[in-house]
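Q: Chain residues, written in single-letter form:
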Amino acid sequence: EPEVTQTPSHQVTQMGQEVILRCVPISNHLYFYWYRQILGQKVEFLVSFYNNEISEKSEIFDDQFSVERPDGSNFTLKIRSTKLEDSAMYFCASSVDRTANQPQHFGDGTRLSIL
Amino acid sequence: AQSVAQPEDQVNVAEGNPLTVKCTYSVSGNPYLFWYVQYPNRGLQFLLKYITGDNLVKGSYGFEAEFNKSQTSFHLKKPSALVSDSALYFCAVRDWADSWGKLQFGAGTQVVVTP
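Protein chains in written order, with our numbering: chain A, 295 to 409; chain B, 148 to 262.
Calculated directly from the structure, the hints in this document are not laboratory data. Among the clues, some could well be false.
As the list claims (entries may be wrong) - Calculated lysine to any residue pairs in the SDA-like style (CA-CA distance at most 20 Å, straight line):
{"id": "1", "chain 1": "A", "residue 1": "LYS336", "chain 2": "B", "residue 2": "ASP242"}
{"id": "2", "chain 1": "B", "residue 1": "LYS196", "chain 2": "A", "residue 2": "THR393"}
{"id": "3", "chain 1": "A", "residue 1": "LYS336", "chain 2": "B", "residue 2": "LYS205"}
Input sequences plus hints: build the corresponding full structure.
A: Pasting the structure below:
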């Protein structure tokens, strides 16, 4: 069964540095999402992306965050200047369309640790 | 605003016994409801969904869930639990009016099945 793949599985970065988290969605999927889960807290929506544009974003997704689909396969989340509170598990998800009938498929996540 | 509550942090059950994981929701319109499971160091795996129709929905690995509109609940059930069902379970809701598929997750319930 096709899977969403995320790299790296664990990223350790100094505060203030830029970090890029990478995701390869399922090949025929058109809608892409990033969520994050701070340790011990809920999984939170960050952003959705379709047709090379952000379609919706949460309050968490401020100017420090950006997303991009640089080629036909990758979907990236960039944090420009990381803060300690950005430490979390980041999940990428994709779906074939935006109807509720099509569930979102999640990757295994990238654990981001900010020192 | 939509929200999801999972009132139990942990559910303990003996193998072979019925398993129930509780979820209640709040949305402004008709809800789309989902259950996901997370095994250690893995992403969220889709189990089942309620969109419309029969209140009892069946999903993967023998799980089912019952939608109860009057009680605004969507409890996950399995008639006979297995040790391998031990994992973290998340209920999620999507507002029917949300065009882009943003999911709102509950805090998660840890299920521990003992032999």
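Q: Each of the hints needs a verdict: does it hold here or not?
A: Hints, one by one, checked against the model:
{"no.": "1", "hint": "A/LYS336 <-> B/ASP242", "verdict": "holds (18 Å)"}
{"no.": "2", "hint": "B/LYS196 <-> A/THR393", "verdict": "holds (12 Å)"}
{"no.": "3", "hint": "A/LYS336 <-> B/LYS205", "verdict": "violated (25 Å)"}
The structure is inconsistent with hint 3 alone, although it conforms to all the rest.
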